[in-house]
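Trainee: Protein chains in written order, with my numbering: chain A, 173 to 382; chain B, 173 to 382.
There could be a bad hint or two in this list.
Note: identical chains are not told apart, hence a pair may lie in one copy or across any two.
As the list claims (entries may be wrong) - Here are the simulated lysine-lysine pairs, DSSO-like style, with alpha carbons at most 30 Å apart: (1) K296 with K259; (2) K259 with K283; (3) K283 with K296.
Everything labelled a hint here was simulated from the structure, so no lab data went into it.
For clarity, every value in this text was computed on a predicted model and none was experimentally measured.
Protein chains: 2
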Amino acid sequence: MSDPHFIVDPAAIEAQSFAIIDAEVGPHAYTARQWPIVRRVIHTSADFDFARTTWFSPEALDLGLAALRGGARILCDTHMVMAGVNKSRLAAFNCRLACHVADADIAADAKAQGVTRSLLAVRKGVAQGASIFVIGNAPTALFELLRLAAAGQVAPALVVGVPVGFVGAEESKEALVASGLPAIVCRGRKGGSTIGAAILNALMILAEEV
Amino acid sequence: MSDPHFIVDPAAIEAQSFAIIDAEVGPHAYTARQWPIVRRVIHTSADFDFARTTWFSPEALDLGLAALRGGARILCDTHMVMAGVNKSRLAAFNCRLACHVADADIAADAKAQGVTRSLLAVRKGVAQGASIFVIGNAPTALFELLRLAAAGQVAPALVVGVPVGFVGAEESKEALVASGLPAIVCRGRKGGSTIGAAILNALMILAEEV
């Protein structure tokens, strides 16, 4: 089993990876439901910074898992997040996952209004009833979601806020933390589409188990 | 311009991000053609480790850029890589991008043979004439590509080898470095689909410019 050439069972590879992560992280303050989410983020990135930066609002898991089990509409901000989400789990919960950033109407309106497509894509998702939001890339999408929530136009069951980058990403995530919305956040600059997809996949596994 | 709420022009956000990265990295040993690739990887991940770990074989850029300009077939190992690649640039070069990991025949054969779908998906891509390979996730895919190359069954123009993880990822990337194939590699545990897509996008921008 020690030669990676001969470990070809994905479940065995994952179990061995999780054991390595557990051993290297050692003691931590995450709960029994939070840790599988943080661990999957580290598994996806090989970056142990996420064992420090990943933050949960108190009611994030209760509300997020209930919404998943209820077949929530999920909006994500990039097609990379969509591509990384486990489709059979999504179908088992009867959840619908959408991303509007490449829609033809969004592109035209963004150009006309001089705003990002990400911002308008969030408005469209809210209009279509999304209650779980996975923002892996665009600070502008997260800022717009917070604005809509503050205006009472949406009451998210869960916001997975993990934009990555150098301009606005950290600020958008701190605004989410401060908002009081149910949220899972990777604070600081790091995050991204693979992180957002990993968190949603980990939530679906939790929703099956618990 | 300093309030991220009001920077809504994607090109302005990218330029400001690049300036931050340049300033924080400071002096480095990458060439004028290599640096835009490394910088885009850091832009995608907010992880400065990649300014140490990203490695280029001597002929990687010459061969890779020529293959892109010649309309190469490109194989990637995940749909997340595919989702992250700039489709208009791809079309401008007349390149074709494929990922076979979710093909029905691959799933059936993997189960029957007790091997990973990633491994069989590489064989299928080679059979269909791929010459650029972007491996962002699966060490088994990279090991199989190296085996096929050593056996004379494929002569890649470029291998972007950036699997992420704890079991086999680093070993697969060191095997690629040692192979002598034209390669861009993020050494160590880190990498992933967003990194693979960022490298391919950066290469296409270079291929347009140079």
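Trainee: If any of the earlier hints don't hold here, list their numbers in rising order.
Mentor: Violated: none.
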